[in-house]
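Undergrad: Those sequence lines, one after another, are chains P and A.
The first sequence begins at 1 in my numbering and counts up by one.
The second sequence begins at 1 in my numbering and counts up by one.
Rather than coming from a laboratory, the hints here were simulated on the basis of the structure.
Misleading hints may appear alongside valid ones.
Any copy will do: because identical chains look the same in the list, a pair fits if it lies in one copy or spans two.
[As the list claims (entries may be wrong)] Only pairs whose alpha carbons sit at most 25 angstroms apart, straight line, appear in this in silico BS3-like list of lysine-lysine: (1) Lys296 with Lys203; (2) Lys212 with Lys296; (3) Lys212 with Lys297; (4) Lys297 with Lys494; (5) Lys537 with Lys297; (6) Lys296 with Lys497; (7) Lys212 with Lys551; (8) Lys203 with Lys497; (9) Lys537 with Lys397; (10) Lys494 with Lys537; (11) Lys551 with Lys397.
Protein chains: 2
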Amino acid sequence: MLNAVARYLPILSWGRQYDRESFSNDLIAAVIVTIMLIPQSLAYALLAGLPAEAGIYASIVPILFYAVFGTSNALAVGPVAIVSLMTAAAIGNVAEQGTAGYAVAALTLAGLSGAILLVMGFLRLGFVANFLSHPVIAGFITASGVLIAASQLKHILGVPGGGHTLIEILGSIGAHLSDASLVTIIIGVLATGFLFWVRKGLKPLMLGLGVKPRMADVIAKSGPVAAVAATTVAVWALSLGEGGVAIVGDVPQSLPPFTLPSFNLDLIQALILPAILISLVGFVESISVAQTLAAKKRQRITPDQELIGLGAANLGAAFTGGYPVTGGFARSVVNFDAGAATPAAGAFTAVGLAIASVAFTPLVYFLPKATLAATIIVAVLSLVDFSILSRSWRYNKADFAAVLTTVLLTLGLGVEVGVSAGVALSIALFLYRTSRPHVAEVGLVPETEHFRNIRRHQVVTSPQLVTLRIDESLYFANARFLEDCIYDRLIGDKDVKDFVLMCSAVNEVDLSALESLEAINERLKSMGVRLHLSEVKGPVMDRLERSGFLKHLTGDVFLSQYQAMQALTPADPGPRAAAE
Amino acid sequence: MLNAVARYLPILSWGRQYDRESFSNDLIAAVIVTIMLIPQSLAYALLAGLPAEAGIYASIVPILFYAVFGTSNALAVGPVAIVSLMTAAAIGNVAEQGTAGYAVAALTLAGLSGAILLVMGFLRLGFVANFLSHPVIAGFITASGVLIAASQLKHILGVPGGGHTLIEILGSIGAHLSDASLVTIIIGVLATGFLFWVRKGLKPLMLGLGVKPRMADVIAKSGPVAAVAATTVAVWALSLGEGGVAIVGDVPQSLPPFTLPSFNLDLIQALILPAILISLVGFVESISVAQTLAAKKRQRITPDQELIGLGAANLGAAFTGGYPVTGGFARSVVNFDAGAATPAAGAFTAVGLAIASVAFTPLVYFLPKATLAATIIVAVLSLVDFSILSRSWRYNKADFAAVLTTVLLTLGLGVEVGVSAGVALSIALFLYRTSRPHVAEVGLVPETEHFRNIRRHQVVTSPQLVTLRIDESLYFANARFLEDCIYDRLIGDKDVKDFVLMCSAVNEVDLSALESLEAINERLKSMGVRLHLSEVKGPVMDRLERSGFLKHLTGDVFLSQYQAMQALTPADPGPRAAAE
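With the rest of the complex left out, here is chain P (with noise of 0.2 angstroms):
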């Protein structure tokens, strides 16, 4: 029972052990975080299509409910650019931007898939998140990067626009491109150019004056909240808010209010499935942040109980005022950096955001929409990384292709479908990987114990004996392929009297390769050619035995290849090339 609890409340062995020295650190990395996470939360509520104190609301109780349930020292959970598009593509299907029932469906995402990874969680269902494929999630990445800072284009223009793919999204902010505000295109052309410049210029420039390293880091890492205090400023001092520079405007002065999100069947049902795409994609980069900064301590982070602090953070988003959350890339990174050493940090950085969301709130009245979409077109560029292309192109052609097919169809028909093809195309190209396997017809390397493809080596075969060796476990899919190629071998070749499979590679038998093999061992034995097995594997040997196959087959099981080969050819036959 203790235990139990123990395994689901990480929190109580991180705090019993909890000291000063952790406490310090902690802090000095929830202030640098906070500083950090100000814009950058009201910059994907925008994303998102929420008023900007969503994005605020949906960093202070996800983060103390992670801090409770999660098992990661550093991550950092809160709104992220990925999961607020796809929070914007789900829910744009079912309300209008800036209606009640738009703000409630992201209340609904948030619950639903809170409530889905809780259930992952508690069913041990991790594992699911890994038929989301490295290259399919970097094209995903990648694609949902370009289509991010497309869709923050028209803040940039001051022009309305909307669109969940590349085309509507361009599209509508061509369509209106001659209402474009130029002071709103000036804010945002130097706010963008001034946030690169931070990101690669200023740490360089700083430690070239003798600022010391970490000093420099922090400077840099607090450029958005300068550019945020400059533009607002400038927009407040110059009256730009009157000459049609879009700003954040009234944003409640309060702590996250508790809110319901709704039960009504209709919309959960049109949500399920967007929430299951966010919840994996959300877990699934969650969980390279956090294994990636845990392993640089030699920690360990459980991925099952890591779907629980995950699905209480979204749970905790859905009853006050937030919408879909996950562990972010750069807020974890700069929280590690900046030496958090407990999820205490974390509940540091919710109390001051929780702080600045009643004191700070009036001071983004003037903050222009345009340096929010800078900010967010800078962050989500780093993202994007057409190099899996050629990197996958290079390796392997099936991978190229799930790459390809998750761009383009991200690009060209949404999120939602671009990650679902992505991940379908690549477990189809594995099944038919697994259904085509590699096969050899091998023959002895004279003057050693070894076996080698015929059609590679110079070896020793011997007419009557023919050796094939698959490299695959054999099973549904592959079951009929061994029998055509056996087949193949074989019909038409009357010299043949035994034929040996070398399972050296086979870690699996299943039923139906079962069945194959007895059909095998029967066909054969109607062409007058014994069936021999090779190099079984203990635990296929087990089962085999079990299956009484071995009693009907007309061969027998050879510990090695080699033994096959001596057992089954007539006494020195004498050497005999394979082009024979």
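Given the coordinates of chain P, work out where chain A should sit on it, guided by the hints.
TA: Below, chain A alone, put in the same frame as chain P:
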């Protein structure tokens, strides 16, 4: 060009060598199969909910087309039990039995199935059928057999009835039980009993009376014809039709008519999924029979060309008043046993059935439907074999789960749900298994060069060297699992300086797995542990070299695990038990 024609027209190769002996063999086989097919065709049309003549029509042109395009010498194409049941289920959703729309839907289903099979054949997609695993097919056939037998009970009892699941069928019969016709029951039960006896007892009896085996076989096979003749005469002589016995009635006395499937898009959309399932199930049934029979004569069939043969046959059915057809098990075996030498036997059977459809259809006017139901029941109960449940339970729980799901869902929710769920579940279980492969920590068996699992054997290990052997190809679904295994083993073990991944069973490393290996390499480096590989296969090594991974690898790649151990352990550390 000529090659391409010859490839798609197998008739050109066997037709050229056709001689008198083949002709006489084919003719004898055709006569026997024709006699067997007349009652069977009528009965299966009844099962599909179509007028009796549709069964005859579906056995004429399709056989001719298959004879031109097919590659099996013995396969007999026509209506079969399971495809007839699936046809009834598919069309039952879009049209009322007995209406013109129902017959058109049957033609359309045959047309779609023909088109699907042809496209699969030209794209060489025959392998797709392999994803119907043997146990799933066995479970599906057994459950379908039960459904078919249950659906025929209404004819034996002489009551109306319908439904596509076991509960619907039995419920519908139960609701009408008070309408049962005693005379019909007597005919049905007698016919069923007689046919069971013919199947089990007649042949031994004949042999006992000194009849030659081949003759005894022919007589036993014509049992259904005898039952048909006897009950038809009884109904006619005793005027039982007026006494409430349902009879076949008017069957048009004509050759197959020219018909057109519908090109209505709504209908096509409603039938496309069932058409895919029917095509796959029909193809699997057909190819299994064809392969079994071909292998007995050391002949080959070409699966992709078989798709074209079956596709042409179904298109033929669509344009000549038929419904979906495939290669039937029982009739093909009879055809083979009767000595059919070439596909011409099929063509002669088609001629025989054409004569029957013109000359003999008036004779079946008084044929009771109960007799046809009896022939179906006796035929399909031989397909019912629940032992697949116990066999799969003993062999492999994953196979058992797929079989049980298929059986229960086929009985409970119908054929389409049943077979789809079976396929989906067997793929999901395969992916699950490969996503959590067997991983063993290995050590050296003393005085050998063999490495074995340290949990099973007394082996030599060294505290600073850990070797894991992974028994599966590395791909996206198990890449993260591999990372977890390795970190789980190494975190907390500060003695370890070298880690070897033994790759003897790794047939492939996809890009996801490569990235995991890169991540593992980096993380182990930050833990002060070198990563080595051993026993990497040639094609995998080629890929790794091309990717540049080996340049960053902190350790080495060893040809054998023994070399790895020799290189990585200090000279003579002394043997050490694994259990330390």
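Undergrad: Each hint: holds or not?
TA: How the hints compare with the structure:
In the homo-oligomer, the alpha carbons of Lys296 and Lys203 lie at most 25 angstroms apart inside one protomer (24 angstroms), although the nearest pairing across protomers, at 78 angstroms, exceeds that limit. For the homomeric pair Lys212 and Lys296, the shortest alpha-carbon distance inside one copy (23 angstroms) is at most 25 angstroms, but the shortest distance between copies (83 angstroms) is not. Taking the shortest alpha-carbon separations for Lys212 and Lys297, only the intra-copy value of 24 angstroms comes in at or below 25 angstroms, while the best inter-copy value is 84 angstroms. Within a single copy, Lys297 and Lys494 get their C-alpha atoms only as close as 65 angstroms, which misses the 25 angstroms cut-off; across copies the closest is 12 angstroms, which meets it.
Taking identical chains as interchangeable, the C-alpha atoms of Lys537 and Lys297 are never at most 25 angstroms apart, the minima being 38 angstroms within one chain and 34 angstroms between chains. Taking the shortest Cα distances, Lys296 and Lys497 sit within 25 angstroms of each other only across copies (16 angstroms), while inside one copy they are farther apart (59 angstroms). Proximity of Lys212 and Lys551 under a CA criterion of 25 angstroms is satisfied in neither setting, with 77 angstroms inside one chain copy and 34 angstroms between copies. In this assembly of identical chains, Lys203 and Lys497 lie within 25 angstroms of each other by CA distance neither inside one copy nor across copies; the values are 75 angstroms within and 36 angstroms between.
In this homomeric assembly, Lys537 and Lys397 come within 25 angstroms of each other (Cα to Cα) only across copies, at 19 angstroms, whereas the closest approach inside a single copy is 31 angstroms. Within a single copy, Lys494 and Lys537 get their C-alpha atoms no closer than 31 angstroms, and across copies no closer than 33 angstroms, so neither meets the 25 angstroms cut-off. In this homomeric assembly, Lys551 and Lys397 come within 25 angstroms of each other (Cα to Cα) only across copies, at 22 angstroms, whereas the closest approach inside a single copy is 43 angstroms.
The earlier numbered hints that this structure contradicts are 5, 7, 8, 10.
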